[in-house]
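A.B. asks: Sequence:
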Amino acid sequence: MTEQQSSATRFPVIVLFRHDLRISDNRALYAAANTGKPIIPVFIRDEGNTEASRPAGGARQWWLHHSLAALSASLRVLGANLVLKRGATQTIVDRLLDDTGADMVLWNRRYDPPGVRTDTSLKSELIRRGISAESFDGHLLHEPFLFKTGTGGFYRVYSPFWRALTAGPEPRDPVPAPRTLEPYHESMGSQCLNDWALLPEKPDWAKDFAKDWTPGENGAQEKLAAFLGGAIGGYDHDRDKPAIEATSRLSPHLAHGEITPFQIWHALKSPSLAREGRDVDKFRREIGWREFSYHLLFNNPALATKNYNASFDGFAWQNKADDLKAWQQGRTGYPIVDAGMRQLWKTGWMHNRVRMITASFLIKHLRIDWRKGEAWFWDTLVDADPASNAASWQWVAGSGADAAPYFRIFNPMLQGAKFDSLGAYVREFVPELKNLSDKYLHAPWLAPENILNEAGVVLGQNYPHPIVDHQAARQQALVAYANTRKDSPSH
DNA sequence: TTTTGAGTTGTTCGA
DNA sequence: GTCGAACAACTCAAA
1 MTEQQSSATR FPVIVLFRHD LRISDNRALY AAANTGKPII PVFIRDEGNT
51 EASRPAGGAR QWWLHHSLAA LSASLRVLGA NLVLKRGATQ TIVDRLLDDT
101 GADMVLWNRR YDPPGVRTDT SLKSELIRRG ISAESFDGHL LHEPFLFKTG
151 TGGFYRVYSP FWRALTAGPE PRDPVPAPRT LEPYHESMGS QCLNDWALLP
201 EKPDWAKDFA KDWTPGENGA QEKLAAFLGG AIGGYDHDRD KPAIEATSRL
251 SPHLAHGEIT PFQIWHALKS PSLAREGRDV DKFRREIGWR EFSYHLLFNN
301 PALATKNYNA SFDGFAWQNK ADDLKAWQQG RTGYPIVDAG MRQLWKTGWM
351 HNRVRMITAS FLIKHLRIDW RKGEAWFWDT LVDADPASNA ASWQWVAGSG
401 ADAAPYFRIF NPMLQGAKFD SLGAYVREFV PELKNLSDKY LHAPWLAPEN
451 ILNEAGVVLG QNYPHPIVDH QAARQQALVA YANTRKDSPS H
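Using the working numbering, count along the first sequence one by one with no gaps and you end on 491.
No lab work stands behind these hints: they were computed from the structure.
It cannot be assumed that every hint is accurate.
[Stated by the list, open to error] Listed next, the in silico SDA-like pairs over lysine to any residue satisfying Cα-Cα at most 20 Å (straight line):
#: 1; residue 1: K269; residue 2: A231
#: 2; residue 1: K269; residue 2: L228
#: 3; residue 1: K211; residue 2: L422
Start from the sequences, fold in the hints, and give me the full structure.
C.D. replies: The structure is reproduced here in structure tokens:
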């Protein structure tokens with residue numbers, strides 16, 4: 001070995017972690033390990049300004065704390081120490097390069113607009129200075145900047161998007177976790193995770209989260225294995241029933257990159273699942289919706305703040321503060337809505353079907369701007385995702401790409417009766433109604449006085465009267481929508 | 001260029 | 001009780 005080669009191998013390589021908190025199927029980490037160089041894994045908390053990233057909401061911060069602890073432990077087993085830093089990405093990286101003499105920086109790509117901006121500028125700056133900088137896939141099966149319609153645009157409708165995605169080359173296989181990492185022995189002055197104060201105190205509203213969730217890569221793999229070994233068998237049939245554990249619950253793990261869509265895709269090809277073809281297809285399409293949401297966000301950076309369809313800009317929102325508060329606290333008087341909002345607050349997650357019901361209620365029954373709902377979900381969901389959250393709220397509002405028609409207004413009583421017919425979901429999260437019979441559970445105000453008495457329900461005291469009348473609210477929403485269409489410039 | 005078929009998740013009304 | 005139509009056109013994506 002020449003003098004030059006041996007000195008080249010001595011320079012460490014920096015691996016940036018962001019929302020890819022895993023060691024398996026981590027192509028940046030894998031590539032770093034293959035260089036044989038000492039490795040410095042770094043997580044930079046770059047939340048000083050919204051130009052760099054949308055600051056994590058409270059529930060995501062709780063998750064992030066535990067996920068970083070898990071990642072740190074996994075890396076230590078491999079021989080590397082995770083370095084925690086806080087500040088602007090470029091500044092921190094510059095300092096690390098100066099301090100260590102590292103000549104290579106690797107990371108996995110982000111697709112949210114601030115992340116893209118930050119990483120694009122970082123890469124060009126590093127390359128300009130002769131530092132080797134490379135990024136890898138992992139967060140998405142498709143690269144939004146490569147994925148185009150036949151005429152060169154981006155997809156605005158899900159079905160053609162999905163057809164094109166599945167007609168393309170089979171997604172790559174996952175790469176394994178590195179067996180070992182070459183340690184870097186200098187102290188890097190890592191900050192202390194506890195000092196970041198990511199966990200809530202006084203009150204500790206996340207105290208029940210750990211009953212449902214195990215943040216980290218191991219937790220993610222356990223959830224996947226449990227799902228593929230069980231619930232996927234009834235996925236097509238039961239996934240809309242919130243009382244049944246019929247969904248994968250992988251969303252927070254995906255949001256933090258503790259598992260990749262490549263790993264999920266690969267696992268779905270297992271021969272043991274061959275008999276569940278229909279359910280597997282259905283689940284794959286949900287992965288597809290996550291991809292589509294990122295596709296939309298990548299091509300519409302303001303997806304979380306601006307109506308995708310500008311003809312909604314003139315919509316007459318009511319935005320009553322009391323109504324918003326009642327919705328957030330699960331006190332609307334509509335049991336299925338309240339159950340959902342309380343599940344969200346208690347567990348940091350809400351069943352997908354109920355997300356649609358609660359979102360529809362906020363937007364159409366209360367006529368509160370979808371952005372206020374999006375912001376609440378962003379703050380309270382452990383799986384809050386910049387793409388899925390924004391795209392889904394716009395979908396419900398009717399303002400999004402390939403959105404639900406505006407006149408599609410969920411009826412909370414019907415939805416409750418249809419998808420929580422036995423009432424187990426409502427009874428779990430709205431216990432004050434638990435003794436009410438199925439017949440009135442989704443519309444307690446219709447129950448005769450004696451039935452309410454027997455169930456211990458006193459409307460207006462231990463459970464609210466409905467804050468709006470369904471029929472009237474529906475009519476008003478349709479009128480507001482019709483007026484918007486009349487006023488919109490395109491008409 | 002034009003045409004064509006299609007488009008996650010619903011509700012209500014009236015026959 | 002069941003069923004089909006109306007609700008709104010609009011625009012996308014590919015042939």
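A.B. asks: If a hint holds in the structure, say so; if it does not, say that too.
C.D. replies: Comparing the hints with the structure gives:
1. K269 to A231: holds, 16 Å
2. K269 to L228: holds, 11 Å
3. K211 to L422: Violated, at about 24 Å.
Going through the hint list in order, the structure does not satisfy hint 3, though it satisfies all others.
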